[in-house]
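In order, the protein sequences belong to chains L and A.
Everything in the first sequence is counted per the working numbering, starting at 1197 for the first residue and increasing by one.
Everything in the second sequence is counted per the working numbering, starting at 1197 for the first residue and increasing by one.
Worth flagging that the hints you see were computed from the coordinates, not collected in a lab.
Take the hints with a grain of salt, since some may be wrong.
No copy is singled out in the list; a pair is fine if it fits within one copy or between any two copies.
[As the list claims (entries may be wrong)] Here are the simulated lysine to aspartate or glutamate pairs, EDC-like style, with alpha carbons at most 20 Å apart:
{"no.": "1", "residue 1": "LYS1227", "residue 2": "ASP1425"}
{"no.": "2", "residue 1": "LYS1300", "residue 2": "GLU1209"}
{"no.": "3", "residue 1": "LYS1698", "residue 2": "GLU1684"}
{"no.": "4", "residue 1": "LYS1248", "residue 2": "GLU1205"}
{"no.": "5", "residue 1": "LYS1300", "residue 2": "GLU1205"}
{"no.": "6", "residue 1": "LYS1258", "residue 2": "GLU1288"}
Here is what each chain is made of, one letter per residue.
There are 2 protein chains.
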Amino acid sequence: MTAVQALAEHIAEYNDLLNTMNILRWDMRTKMPPGGANTRGMQLATLTRHAKRHFVSDKTAKLLDAAESETALVDADPYAARAIAQTRAAYELQKRIPAALVGKLAELGPASEAAWASAKAASDFATFQPYLEQMLALNIQLADAIGFSDQPFDALVQQFEPGMTAARLGALFGELRAGLLTLLARITAKDEPLPRDLWAQEYALGAQRQLCHEFAALIGFDYARGRLDSAPHPFEVSFTREDVRITTRYDLHYLPMSLFAALHEAGHGLYEQNVSPRLTRSALTTDFIGQYAVGGTSYGAHEFSSRLWENQIGRSREFWALHFGRLRRAFPAQLKGIDAALFHRAVNRARPSLIRVEADEVTYNLHIMLRAEIEMALLDQSLAVADLPEAWNAKMQDYLDLTPPDDARGALQDVHWSAGTFANFPCYTIGNLMAAQVFAAAHTAMPDLPNSLARGEYGELRDWLTREIYQHGRAYSSDELLTRISGESLSTAPLLRYLESKYSALYGLN
Amino acid sequence: MTAVQALAEHIAEYNDLLNTMNILRWDMRTKMPPGGANTRGMQLATLTRHAKRHFVSDKTAKLLDAAESETALVDADPYAARAIAQTRAAYELQKRIPAALVGKLAELGPASEAAWASAKAASDFATFQPYLEQMLALNIQLADAIGFSDQPFDALVQQFEPGMTAARLGALFGELRAGLLTLLARITAKDEPLPRDLWAQEYALGAQRQLCHEFAALIGFDYARGRLDSAPHPFEVSFTREDVRITTRYDLHYLPMSLFAALHEAGHGLYEQNVSPRLTRSALTTDFIGQYAVGGTSYGAHEFSSRLWENQIGRSREFWALHFGRLRRAFPAQLKGIDAALFHRAVNRARPSLIRVEADEVTYNLHIMLRAEIEMALLDQSLAVADLPEAWNAKMQDYLDLTPPDDARGALQDVHWSAGTFANFPCYTIGNLMAAQVFAAAHTAMPDLPNSLARGEYGELRDWLTREIYQHGRAYSSDELLTRISGESLSTAPLLRYLESKYSALYGLN
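Isolated chain L (complex conformation):
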């Protein structure tokens, strides 16, 4: 066995442990009876310790040294070279993070999340404030341990989006904000209520389930290597490319909830299912290379796939012109008198709103910018936790001309910070930018794409995405991938062009 192979086998074991934790989390969120909550956290903590001990070890250090020496002499497979470099980077990073700090973060997590949930239910920020203060302090320590030259945010964002910085995000956000606010003003001037409330009626869950399964299959989600279940907060999780689990949420009244969550999570799933078999150790792999950790190349890159299939495909006029009949057959009484065009309008109406997860494609990124700016300020301590609600409300007024009636619909609305996740929000907007940029590049590369999409043939797009992006797993950064297919790194222009074109048609703008 070569040194490169020995390292790959060692990392494959580490990935087995990470995938096992994913199985435990999937079960926890979809199948576990309530009593299981009393032991599942401890099981996960034990696995976390074992995984960390496996990776941050003398064995990893020795195998890395040997693999690096070996590849210095002979040209390594490009995937292998990347896998070694990423393993080295992850090893050095994890070594810098004290085990005691990881333990403190893990310990505080459940109590902090529980405090957030109660505070949100009572819309009482003060009861959550001490937990958020502790969680923030630990994350500032984490940023110090990771290291940064400009500001703490830059350290934490590496966990999700390697190479990204607050400065670069600031520039992207500036362009995007200007474009979005102008577009939003033109839309608002023309916005009118829908002729009737489509979601006052009941949409039976069994039929919704059937439709969600069909829609995920339509875009190519492979049930031989995956499942679709229901979960209160939809998510995708993979236990290797051979077994990818997606979930959606069913609302008896609001039909779009389950449909778009299914398309979104299936979009994540397509990324995982189409990673090259060479990057995953499995019974099917004949020329195993391996890679550090699992899945797509960054959180933002993963989000590109889910957003592209949910929005660019799933919220397009062509999609509903073709598939609205499926909804009408499933719900003939509820959708009587509604046609594809009206349904398309209903699921794309853009207007300022208070809640991020209910926002449309135009306003969504404004919700993200607000959060990113606040977390940068919290981390560099220019904003105190006590002043967070006020800062939130001021920004909401500034961007969307709205003031939350209470903190539940303001600074308390998202779970992320309570769970100790800072510097992750920007990934949603990076995903939106990248989706538009990749979709535009796909059109340039495949002139016939509009016709195949209009016919409901999604294989051409999926195969191109697999070839250009999915198959490479984590081997190339999102900027490298974007530059290869579009000639430039992450940019705001494609998203602004896409929204301009889509909303001009929807609202008759000019």
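Based on the hints, put chain A in the right spot on chain L.
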């Protein structure tokens, strides 16, 4: 922290790893898409290695020494004393088994099981023979590593039934065989076909599912700490007392399949759900003691609980007198003209048959004896694998006066040996013996028990079983438990008395 507590924490981590493997196995058998099979085995192998490394380690040795010294000075809690002794025994046993042998067994398993499945489908013993020969050779090595004074079977049976020997089983089987064959002859003389074939019609799966959920709840299975799913081979598995999963199998025609499998597995589940909280580390445990590994005290003891709830309760006249109405309401057309008495007769008809898993309470144990005698002979090499089918058929003729028309319905019918499980079959009969012995003791202890059971009040029995058996987990051996409640160790008399009484009433014997 005391030395006893430090050991308990270390073993609790080991149990977390074992429970994690159980979660992976449950998922594999109930939810996993087909593609997952390409990686799940590797994930389990990685976990197995990590668990073994955790347990067979210098740390375990040091913690054990310290805990033993500590308890030599002060009186330990009786549970703690047992936990330490069992951990010591398991540590010494596992240290004796070479890692290379465990690896070979694990490696051969899937290929051997696959060869068995094809051989069974084609009823072609010859294609399976080389795999069984290898598997047997490895198990003989395993027996040598474990050690024995009389015969190899005695070493292997310790894995499932500590303290049991071939000699003791031989004596129990001799008494049982004589009693069963006499009873069977009297039954056969009176046996008549049922007035009509109840299972020619279709029983919708949705309604079966509802009934299975109800029946498991009736006997006390707690869905706040468990779930019931479907699986091709029903099983129970626990991830601690707080999260116990049971499964059943649905046959569109044969309604009793799902009902009795659900009662059987719920019976296993009741054992796990009622282990003392002190023996499991959980968020609810205030005075944690811990124990080595998880669940009931032996395989046979676990089987006592499933058999008792399936047979002594679920196949009783009183049970169906009370609950047959539920079936009739669910399936009014299919069960038209059938009453509780006829249904009770139908699910208790006793007669010689070829297949173990379809056998009645009288003939079932004859199937087990046949297998136990064969595996003893294979292990001490007085029987060659090549001669297995012939030996099987001769014993079938001897015990049940039947000759299998092919090996699929003969020596190839069970998966156990192909999977490398030898010396486990007797646990089924030990379970049957113990169920009758415990049930008789319960009647002695609670004179009003027949009345509460006739009213469908199962709480009195369940509470008594919890107090006398379930709560103790692995703290006492099955013989210790039996002696405490019935005044004698495992015995055949209670089962023979129970069957005599039940079948006398059913068949009008005298």
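Do the hints match the structure? See the list:
no.: 1; hint: LYS1227 with ASP1425; in the structure: both (9 Å within a copy, 10 Å between copies)
no.: 2; hint: LYS1300 with GLU1209; in the structure: between (26 Å within a copy, 19 Å between copies)
no.: 3; hint: LYS1698 with GLU1684; in the structure: neither (23 Å within a copy, 82 Å between copies)
no.: 4; hint: LYS1248 with GLU1205; in the structure: both (16 Å within a copy, 19 Å between copies)
no.: 5; hint: LYS1300 with GLU1205; in the structure: between (31 Å within a copy, 19 Å between copies)
no.: 6; hint: LYS1258 with GLU1288; in the structure: within (13 Å within a copy, 32 Å between copies)
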